[in-house]
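Residue numbers (our numbering): 37 to 206.
Because the hints were derived from the structure by calculation, they are not lab data. Small disclaimer: the values here were computed from a predicted structure and weren't measured. Treat the hints with care, since some could be wrong.
Claimed, not checked - For lysine-lysine, the following DSS-like pairs were computed, each having C-alpha atoms within a straight-line distance of at most 27 Å:
{"#": "1", "residue 1": "Lys39", "residue 2": "Lys199"}
{"#": "2", "residue 1": "Lys70", "residue 2": "Lys38"}
{"#": "3", "residue 1": "Lys70", "residue 2": "Lys39"}
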Amino acid sequence: MKKLLAVIDMQKDFIDGALGTPEAQAIVPGVLEKIRQYHKAGDDIVFTMDTHTPDYRNTQEGRKLPVPHCIKGSAGFELSEEFLPYASVVFEKPTFGSVTLAEYAAGGEYEQIELIGLCTDICVISNALLLKAYLPESRITVDSKCCAGVTPESHQNALEAMKMCQIEIR
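Construct all of the structure, not just a fragment, from the sequences and the given hints.
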């Protein structure tokens with residue numbers, strides 16, 4: 037079975053930077069272990085990176101969330117160091133979901149796509165739904181232990197919403 041692991045936005049600003057949380061910090065070891073498992077099995081791994089410009093506050097997102105984060109070229113934009121050896125395929129995205137990721141996955145004929153990362157309630161759910169739209173017959177899964185939301189409650193709400201859209205939650 038051809039499998040893909042999509043690691044969503046495991047960037048410094050979401051882990052322990054501008055928008056970091058204790059929950060995000062707590063999933064780092066599990067995310068790294070999951071990446072290592074896929075790597076050892078020879079399965080494909082891709083990363084997404086939230087990507088903003090210095091004029092972030094003037095964007096629609098910046099007006100609704102006025103916390104500059106993941107500004108390209110800043111330290112907070114970078115993937116956490118432990119993930120760098122595995123980050124050969126990276127999709128920068130200016131918004132929550134990555135159409136480029138979905139197109140890449142659709143071209144890869146993956147039977148299973150698993151998502152992990154940050155934030156469950158914004159970028160993970162957005163990418164899971166895009167992948168489901170692009171690959172309705174592929175098995176789309178989310179490892180809830182390797183994700184964290186803005187809050188524990190919004191994390192749980194996002195998991196429930198994905199379940200309703202036939203995304204398997206583990």
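Verification of the hints:
| no. | hint | in the structure |
| --- | --- | --- |
| 1 | Lys39 x Lys199 | holds (20 Å) |
| 2 | Lys70 x Lys38 | holds (16 Å) |
| 3 | Lys70 x Lys39 | holds (13 Å) |
In summary, the structure agrees with every hint in the numbered list given earlier.
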